[in-house]
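J.: We have chain A; now place chain B onto it with these hints.
From first to last, the protein sequence lines are chains A and B. Residue numbering for the first sequence is 1 to 331, as defined by this note's numbering. Residue numbering for the second sequence is 1 to 331, as defined by this note's numbering.
Incorrect hints may have been included.
[To be verified] Sample of chain B residues facing chain A (criterion: CB under 7 angstroms; computed from the structure):
| # | residue |
| --- | --- |
| 1 | Phe-4 |
| 2 | Pro-58 |
| 3 | Asp-301 |
The set of hints was computed from the structure by calculation and includes no laboratory data. Beta carbons are placed, not taken as given, at the ideal position from N, Cα and C, and that holds for glycine.
If you want the building blocks of each chain, they are given just below.
There are 2 protein chains.
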Amino acid sequence: MKKFMNSAGALAQDCLEGFVAAHGDIVLFGDAKKHVRRRVLTPGKVAVISGGGAGHEPMHTGFVGHGMLDAACTGYVFTSPTPDQILSAIHETDSGAGTLLIVKNYDGDVMNFEMAAEMAMAGGAHRIETVIVNDDIAVERSARGTGRRGVAGTLIVEKIAGAAAQAGAPLNELKILGDAAVAATRTMGVALRGTTVPQTTRETFVLGPNEMEVGVGIHGEPGRSRAEMTDASAIVDLICGNILDDFGSLDGQSILLFVNGLGGTPLSELYLVFGLARTFFERHGVIVTRSLVGTYVTSLDMAGVSITVTVLDDRFTALWDAPVQTASLRW
Amino acid sequence: MKKFMNSAGALAQDCLEGFVAAHGDIVLFGDAKKHVRRRVLTPGKVAVISGGGAGHEPMHTGFVGHGMLDAACTGYVFTSPTPDQILSAIHETDSGAGTLLIVKNYDGDVMNFEMAAEMAMAGGAHRIETVIVNDDIAVERSARGTGRRGVAGTLIVEKIAGAAAQAGAPLNELKILGDAAVAATRTMGVALRGTTVPQTTRETFVLGPNEMEVGVGIHGEPGRSRAEMTDASAIVDLICGNILDDFGSLDGQSILLFVNGLGGTPLSELYLVFGLARTFFERHGVIVTRSLVGTYVTSLDMAGVSITVTVLDDRFTALWDAPVQTASLRW
Numbered sequence: 001m002k003k004f005m006n007s008a009g010a011l012a013q014d015c016l017e018g019f020v021a022a023h024g025d026i027v028l029f030g031d032a033k034k035h036v037r038r039r040v041l042t043p044g045k046v047a048v049i050s051g052g053g054a055g056h057e058p059m060h061t062g063f064v065g066h067g068m069l070d071a072a073c074t075g076y077v078f079t080s081p082t083p084d085q086i087l088s089a090i091h092e093t094d095s096g097a098g099t100l101l102i103v104k105n106y107d108g109d110v111m112n113f114e115m116a117a118e119m120a121m122a123g124g125a126h127r128i129e130t131v132i133v134n135d136d137i138a139v140e141r142s143a144r145g146t147g148r149r150g151v152a153g154t155l156i157v158e159k160i161a162g163a164a165a166q167a168g169a170p171l172n173e174l175k176i177l178g179d180a181a182v183a184a185t186r187t188m189g190v191a192l193r194g195t196t197v198p199q200t201t202r203e204t205f206v207l208g209p210n211e212m213e214v215g216v217g218i219h220g221e222p223g224r225s226r227a228e229m230t231d232a233s234a235i236v237d238l239i240c241g242n243i244l245d246d247f248g249s250l251d252g253q254s255i256l257l258f259v260n261g262l263g264g265t266p267l268s269e270l271y272l273v274f275g276l277a278r279t280f281f282e283r284h285g286v287i288v289t290r291s292l293v294g295t296y297v298t299s300l301d302m303a304g305v306s307i308t309v310t311v312l313d314d315r316f317t318a319l320w321d322a323p324v325q326t327a328s329l330r331w
Numbered sequence: 001m002k003k004f005m006n007s008a009g010a011l012a013q014d015c016l017e018g019f020v021a022a023h024g025d026i027v028l029f030g031d032a033k034k035h036v037r038r039r040v041l042t043p044g045k046v047a048v049i050s051g052g053g054a055g056h057e058p059m060h061t062g063f064v065g066h067g068m069l070d071a072a073c074t075g076y077v078f079t080s081p082t083p084d085q086i087l088s089a090i091h092e093t094d095s096g097a098g099t100l101l102i103v104k105n106y107d108g109d110v111m112n113f114e115m116a117a118e119m120a121m122a123g124g125a126h127r128i129e130t131v132i133v134n135d136d137i138a139v140e141r142s143a144r145g146t147g148r149r150g151v152a153g154t155l156i157v158e159k160i161a162g163a164a165a166q167a168g169a170p171l172n173e174l175k176i177l178g179d180a181a182v183a184a185t186r187t188m189g190v191a192l193r194g195t196t197v198p199q200t201t202r203e204t205f206v207l208g209p210n211e212m213e214v215g216v217g218i219h220g221e222p223g224r225s226r227a228e229m230t231d232a233s234a235i236v237d238l239i240c241g242n243i244l245d246d247f248g249s250l251d252g253q254s255i256l257l258f259v260n261g262l263g264g265t266p267l268s269e270l271y272l273v274f275g276l277a278r279t280f281f282e283r284h285g286v287i288v289t290r291s292l293v294g295t296y297v298t299s300l301d302m303a304g305v306s307i308t309v310t311v312l313d314d315r316f317t318a319l320w321d322a323p324v325q326t327a328s329l330r331w
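In isolation and in its complexed conformation, chain A is listed as follows (with noise of 0.2 angstroms):
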């Protein structure tokens, strides 16, 4: 294991530092730096927060700006975010219309932003609206246990949600809109290379040089099968076949399609799954009418893939196409 960091317990503050000065133009420190925010925050907005372990960049803090974010917690590497975190974010962003809480689907993460939102709404002092992310199809419904993780999908879901707390939807609708948006999106990650967490120098997992890890996590979780490696045309049918079947049909649908980078896969790869998984999905009958290739969802320097598909109806195309002015995404 060889990172650039000076320890272990430093890296997710001396990350957090790096990215406030690089995109000082857009985010600031809250309070005590327990969360990163919009420099310049909307009045009468509903404010839009996410968060979670670090080790995912560049999600959440990356997602903060005009049309999506307006905070980010950060916990440790691979651990949630403390519930003093999400709650100063609360109070530093709220400004009267309520706060959307997006959080992905792990025990942690969804039991300390519950106990935020309880805190910040005693007394009547906040509304929250929480939406739960759980697009990862590599786990079984039926699995016992808190069921699907929150994965790459999480992008999707806080585009369309920002998009339109930004264009002034209240809190209600944007609950009804995040969960449409969870329903929407499915993923499904493939991983080449395991990663070592820095502060316990184990690796999550440890690949022979001819196998993949089929369905991994974002924090290297074991997924359905550890299979032989193979050519990136059986991979990509492997994986989108699993996503086609998981949403049974999607003949004549319009998608969002996303592949996105697990940290040690380079962008080159990217475009390479990208073009077979547009190919797979249109010799089914889908249409592809929008696409995002990149590292956005990761797990630290995993090598991997993950492949993500959101079903498209006009509104969510209409927000996904809104402006956008984030460090990571903009258009």
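T.: Using the frame of chain A, we list chain B on its own:
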């Protein structure tokens, strides 16, 4: 070596196919897919063209669009595009105002762009000027051979020249401006892990668990020294100290500070390096007025980072700030 690909021979073209499929609103293939060019050309504008081997994505195709390049030519991995490719880009994008070629300083690239320029100028068909980028200070100026290599600073030269061309600057001015941008720009990189060239399955270099390659090039060329791995602050001090020494003095100057990932290093570590580098320069009386952090000029999936400094005057600053609409740079 595990990569998302179907075959080593098809890798570069498969990536391009995916790139054009993902960014069809901005780019299209030139005739016979010899190059990638803007979907909408600006009549009467000097055409700005660059290119080089594949494996450095998003450079150069990711910089094609309004305010930057008109076309990019991509060869096989780490292999110059052919004169025929470059000539096709000149033919299809020259609207009569002439063409500026921006070329990284490698023997193959320089030779093939020169040949293309000679062929294009034959009979007065096209007016051509060429800017050679040689920002890599890891190569001593006194070294025999072709001198300093062109690395991440190429992005800055392309942005500055591209913005000036978009604003209507004539060819002779663009040549002077491009050369001045090169002279104002210095880069140095360090690698923590080499990469494998797909065609040869040869590793560019192999580092021990506690080694780093200081001054690495973007094809895995050896650097100034193989050093013992150390913490991020020491690495940043080493690189930035070398850059500062090479400039002589930057006291009181304004700079653009660009921290670039070499392909396999996550954004979190790049931000950490940026924060330290910014502090370094401020401690040395240098004012960081513009910044860029991301994975833009790569060496396949090499783990590593480069730091680039461009000394800014008012004109460079305005050209850097000018609107740009490409796949990989947008503001």
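J.: Against this structure, judge whether each hint is valid.
T.: Verification of the hints:
1. Phe-4: 4 angstroms, holds
2. Pro-58: Interface hint status for Pro-58 of chain B: holds (5 angstroms vs cutoff 7 angstroms).
3. Asp-301: 5 angstroms, holds
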